Amino acid sequence: MQESGKRRGEKAGLPPGTLIYVGERPVEPTILSFELYDEKSLQEKIIKSVQELPKISERDAVLWIQITGLANIDTLQELGERFQLHSLVLEDILATDQRPKLENYGKYEYVVLKALEFNSLYDFNHEQISFILGTNYVISIQERQSLLFHTIREWIQNNSGNIRTRGTHYLFYSLFDVVVDRYFAFLENFGESLEDIEREVITEPTQETLQKIYQLKHIMIQARKAVWPLREVTSHLEREEPPTVREQTGHFLRDIYDHVVRILDTIETYRDTLSGMLDIYLSSTSFRMNEVMKVLTIIATVFIPLTLLVGIYGMNFPNMPEYTFPWSYPLLLVVMLVIIIGLLAYFRKKRWI
Amino acid sequence: MQESGKRRGEKAGLPPGTLIYVGERPVEPTILSFELYDEKSLQEKIIKSVQELPKISERDAVLWIQITGLANIDTLQELGERFQLHSLVLEDILATDQRPKLENYGKYEYVVLKALEFNSLYDFNHEQISFILGTNYVISIQERQSLLFHTIREWIQNNSGNIRTRGTHYLFYSLFDVVVDRYFAFLENFGESLEDIEREVITEPTQETLQKIYQLKHIMIQARKAVWPLREVTSHLEREEPPTVREQTGHFLRDIYDHVVRILDTIETYRDTLSGMLDIYLSSTSFRMNEVMKVLTIIATVFIPLTLLVGIYGMNFPNMPEYTFPWSYPLLLVVMLVIIIGLLAYFRKKRWI
Amino acid sequence: MQESGKRRGEKAGLPPGTLIYVGERPVEPTILSFELYDEKSLQEKIIKSVQELPKISERDAVLWIQITGLANIDTLQELGERFQLHSLVLEDILATDQRPKLENYGKYEYVVLKALEFNSLYDFNHEQISFILGTNYVISIQERQSLLFHTIREWIQNNSGNIRTRGTHYLFYSLFDVVVDRYFAFLENFGESLEDIEREVITEPTQETLQKIYQLKHIMIQARKAVWPLREVTSHLEREEPPTVREQTGHFLRDIYDHVVRILDTIETYRDTLSGMLDIYLSSTSFRMNEVMKVLTIIATVFIPLTLLVGIYGMNFPNMPEYTFPWSYPLLLVVMLVIIIGLLAYFRKKRWI
Amino acid sequence: MQESGKRRGEKAGLPPGTLIYVGERPVEPTILSFELYDEKSLQEKIIKSVQELPKISERDAVLWIQITGLANIDTLQELGERFQLHSLVLEDILATDQRPKLENYGKYEYVVLKALEFNSLYDFNHEQISFILGTNYVISIQERQSLLFHTIREWIQNNSGNIRTRGTHYLFYSLFDVVVDRYFAFLENFGESLEDIEREVITEPTQETLQKIYQLKHIMIQARKAVWPLREVTSHLEREEPPTVREQTGHFLRDIYDHVVRILDTIETYRDTLSGMLDIYLSSTSFRMNEVMKVLTIIATVFIPLTLLVGIYGMNFPNMPEYTFPWSYPLLLVVMLVIIIGLLAYFRKKRWI
Amino acid sequence: MQESGKRRGEKAGLPPGTLIYVGERPVEPTILSFELYDEKSLQEKIIKSVQELPKISERDAVLWIQITGLANIDTLQELGERFQLHSLVLEDILATDQRPKLENYGKYEYVVLKALEFNSLYDFNHEQISFILGTNYVISIQERQSLLFHTIREWIQNNSGNIRTRGTHYLFYSLFDVVVDRYFAFLENFGESLEDIEREVITEPTQETLQKIYQLKHIMIQARKAVWPLREVTSHLEREEPPTVREQTGHFLRDIYDHVVRILDTIETYRDTLSGMLDIYLSSTSFRMNEVMKVLTIIATVFIPLTLLVGIYGMNFPNMPEYTFPWSYPLLLVVMLVIIIGLLAYFRKKRWI
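Chains as they are written, first to last, in the working numbering: chain A, 1 to 353; chain B, 1 to 353; chain C, 1 to 353; chain D, 1 to 353; chain E, 1 to 353.
The following block holds chain A by itself, in its conformation from the complex (with noise of 0.2 Å):
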């Protein structure tokens, strides 16, 4: 946990209904845009304020307001009121600890999601996005400023896929998407690094390896944590989808339900891939003592006996009859090389060497 931003611990004591920011990292500043669509027609705006909002009174036209950046309280405050959202829906948003989950408060939905990224094995960040889903708008609130909704913008200028004729529910269901698809990407590159340290494990494994697969499994365990509720949240949106919804956005949520369970399967996958990891880590790391003690158990059995002979001819008893021998001298080497290719070939039959 770093030192910027508030934490959790220091927000008890409040009374219910306080809004603060509590999260990990510095806050960003606010930054509040909208687009107004229906089939025919476009409003695109950067704006200043919520007064500067249109208002929404044509049955088919789609509000979709978008939100980087919790530095202005306010500008949630005001939002609060003109949408008549709950206290707690805004302490929620504020507070970016949640975890993923659907709540229906009647006239709208919340949901919140985070959004992972995964750059290397020490840039790993999440990002905490929530939605508010009404009757004919949409307000989409990120942590940070960043491109992920960029697609969804063009596709709604190009009509792709005639999303403009679609309403509230099918522009939400595609912003959903796009943060359920970046997970692929997120495991994609969590996936190389893992065949790095896969490499690394079995070719010369260090005592940092293991730290890195402890991070990795780290990790791991917040992508789960992140992606788990997903299933609820999804099946929750298709029980209480209207069927006139449903006619509108075909079988999209049935599709990102299938994602997300895929991306669990995956999750699932490297988990275990990890464990296996850190077996062949702790084995090969007991392996090679093996083969260090091999070494020295060689050594000793060829040497020690060799240096008790010579030992043997160093001593000075005067009538030992080996010294009146001309020959005792050459004789004594050639032992000692019969008994050194001896104990090689023992060993090398007891597959030692």
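Treat the hints as calculated values from the structure; they're not laboratory data. Treat the numbers as computed from the prediction; the structure is a model and nothing was measured. A virtual CB, placed ideally from N, CA and C, is assigned to each residue, including glycine.
Under the rule of at most 27 Å between Cα atoms (straight-line distance), these lysine-lysine pairs were calculated in the DSS-like manner:
no.	chain 1	residue 1	chain 2	residue 2
1	E	K212	D	K212
2	B	K350	E	K212
3	E	K350	C	K212
4	D	K45	D	K107
5	B	K55	B	K40
6	E	K55	E	K107
7	A	K225	B	K225
8	A	K349	E	K294
9	A	K350	E	K349
10	E	K212	A	K349
11	A	K350	B	K349
12	D	K349	C	K350
13	A	K349	E	K350
14	D	K350	E	K294
15	B	K349	B	K294
16	E	K101	D	K101
17	D	K350	E	K349
18	E	K101	A	K225
19	C	K350	B	K350
20	A	K101	B	K225
21	A	K107	A	K45
22	E	K294	B	K294
23	C	K350	B	K294
24	E	K349	E	K294
25	D	K45	D	K55
26	B	K350	C	K349
So, partial list: chain C residues that the calculated Cβ filter (under 10 Å) puts toward chain B:
no.	residue
27	T151
28	M289
29	P305
30	V310
31	P318
With the hints as your guide, set chains B, C, D and E onto chain A.
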């Protein structure tokens, strides 16, 4: 388990309904106080006996009776008679080894919670807190004197968040929330100890480090046992909440539930981290052993052959030709140097040094 | 498994309905006694035969028949005829390897429990206790003579807690509660043994310590098997409890259920502790090995080079210049001292000593 | 897997309905026999062909057809035609790798069981037993000739337990019970092998011990697979049992269910024991290594310094003062003795010896 | 993951409904063929375009369209228009990383399966197979050219098992069954590899063996993922099966379900075996280390004392009495022999050799 305080086993054999304090710590003296408030008026008092409690006939006034310390069993008994509490409730209040639970006795609900405190690795406490939630009164019973509900008393004095207009349920939820919010502080303190020991595991683990890890693991198991049943308690409260109450308390209860789930999540993460630390500890032990073995093997491999060599020229055979060559001694020293350099190069190639 | 007592396998092949004692321990002689009581009167007697049992026509009197020891199969058979017990019930009473369970036979309920006793690590016993709960009688059947239900008999004699006015269910619950309360004493004794071995693991673990840990683990598995089904038994009893009975017995049953859950909790905690002890044991074994290895390596590293050095000056080359310098011997001793001090300083720096 | 007997994979590609024997063992010759009985009469016969089977028109007579060995597929085919059995039932009877199951085909029920036999560690067998339970007939089909149902035949001959008056269900339950009771014998034999190996693990474990433990583990997995589905089979039977049958068979089925649960319990206990044995095995291996290391370290620590000492006095420096003292040799021997005693005392203090 | 073939991550950002091939392997060219049959007639043809497909108006004729290879996206698009398939179905057919599943689109059902092939440890493939099951047609789409459904085509040609009279569901079940039956062959091949490696683990395990075990484990995880969802798919099919279909197909579906369960069973057993092999591998590594240590210790223990002894008599003290005894040299040799024999006897007693 300490000596002071009665133990559960000593209670076996007494007929049901016998009131007796059961706990690990020495019992604290009982202090009795109350607040009686409605929107306009507020009455606060520390009292000596249950007889001094005010009558509660007015419909909208809320009576909050606060008891700290369980030494005075008579006070509890009188309270039980006054509010017609079941004898099993009184028994459970006195037995401080309860699990968190909610029991519906018709006219009132009985709730037990555990407040956790973590100051350092060897200063971990838990306190049992009981609530009786009646139609127009709330009784809170704490094992020990503390400032835990101090903030609530201040809110009542200042009528923060309109607490004085919102009835008994809102008061009870606020007290409940205070206990739950304490877990966040608890987990932050715990997290810091965890990081300290994580550093210790990586830099210089000792046998003691292992016992610290198990100490932390043990605390996490305790914490999980204290928090886990709260999921059921809160969802039970939500199911039974009368619709009129819900209007007053808003989505407060759902928010508490959300916090409980998040706390459980963090506990799970910490447990995972502890398991990882255990693995790193064990692996680093075997890693260091490996290193020690290598040093031993290198020493033996370099010096034992040289010792053989000098042993050969310590032999007393009269006709060893080497003794007659004038350069054999310096030549031997050169050969020994070559052997040393060769072996070290070989070890470097094998990445042993 | 001991030799005495019949084993389950030997029963295979007999037609169903054949009564035979199955158990690990030798069977004990049967003693039959009863209490017949209502609010005003009490009759107690040890009797020889089922014929001596009093008639039970009065509505409010409760008959408690107590049987200890299973040697006399005829007594059981007569009892079965008198109270129209199913032959399978009689078979189960005699087969002391039952799991705790409740079976409803319409006119009566059959309940099996296990009483546990833990005196020391090698003195762990369990006894099967069967109950027949009829409309106005309770039959308790114990495997062995014991003072287990002594307190209940005293309560009846003194009418403690108005036991004599509260009917058969209250009697049955009291007996049940006595068995459950014994588990607390069991767990406290167990906890003390656990602490002893915990100390042993940390100070001086031997191969025997490991076996003790497994012995404790085994006992916890047994205890869990004895207690776990009681959750179902108690909730089953609660479901089937007639409302009139509930008035008499209050929340007694819920209290028993609570105790059972708490006992299971403690068992889980003990199992966790045992797993932790196992890990500490294994880790401390490898830690000590590490220490031994270090001593070996230090000795080898210090002395082997010195041995080489003195070996060099034991060589017999005629023209070694060192032999002619007068100070070479003391100089060599100084060099050797420098080497020793240098290596020891190096090891201290590496934290090996 | 052995060569003899067809394997499942070879069946792939044949159209469904093709009858073929699938099994690991060579098929045994088919023997066909029947018993036709009611309360008063009994007819028994070994027959050559299905045509010889008696007509079954009388209401109360029970026909039990017993088939052992699966070599004669024609017999099965004729039986299938006579009793209108589905071709999938015939296929399943012939494929001896079925899981235990119950299938309801309207006019009859098809039940598959596995009989287990454990003689020694390397003599573990399982046999598939199929039952067809019709309104007034029971067909039992065994893979191999055995005396398994011999006792039932004797009961019928002697009308033990009034078996001849109790109808087809009672016969079927008795056959079922015989198979279940065999598991008790199986587990007792197994338990004895377990104890043998437990002793081996503690006294002198070898590499082979480990393989034996895994062999036992493997058998327990097989046993669990054979017994686990019986829970479902028996509760399924109980659900579908007609009330008239229940009167005849009493609580027989519930008793069988009880046995199945107890067998599963024992299997779990054995699996726990095996896991414990594995841990003890692994720990004792490292314990012995520890012991070996200590011996090595003691030897090295005692002798290497002494070797240095005697090496010093083997040097050829001309002016070493010690050579001139007359008592230096015996003094040196004393010093060496002191070193040896000192080191041994040190090791004893450190509890190495 | 290979380079060829598109990856899932690259699809992110395209609007839903865009058809694109997603897979790890290079795409294969599309071949389109059909069979149109009823009881009396049969028409087979390989065609170039969807336009060539026959009209299907007759009630009883079955049209089976077979597509292999996914290169030609236009063909799929035309097929989708002709049979009114949802665009998500077409997307899923092209994305070969689907999990097995069944989706009901009202007029047709969409089923995805995985066919597994295991030739050797490093030659493991899986192929995605999609089915569209309409009222009077079945479409099968395979990723690759293969002879998988060759037998079904032969059955249709020969009308084996009256396949031509039994309608679309029977055809679909037959195709489904072919895929499921392939798993038996897959598991048998796998089982053989498993046995090879089991032998390797016991006789001479290397570091490579460990990686092989993990390779097999990985394949089993893949297999489990491919087979597990089939349980749900088949039970879903059974629930929705119209009664008229059931008459035609008999208990075929239940039989397939049975096979799926048995395959899952075998997979679990193999996974257990692999875990056991891992343990044996690790244990045998430490066992061999133990053996190496013993050799080293024996050598050191035998020779180091002897080396000390001969060192003593290599000292140059002038007045060592042993030098003057004539038999001291042979005596010393005898003493050394006695020491060697004594130590070896001691080791044999301790079961080290």
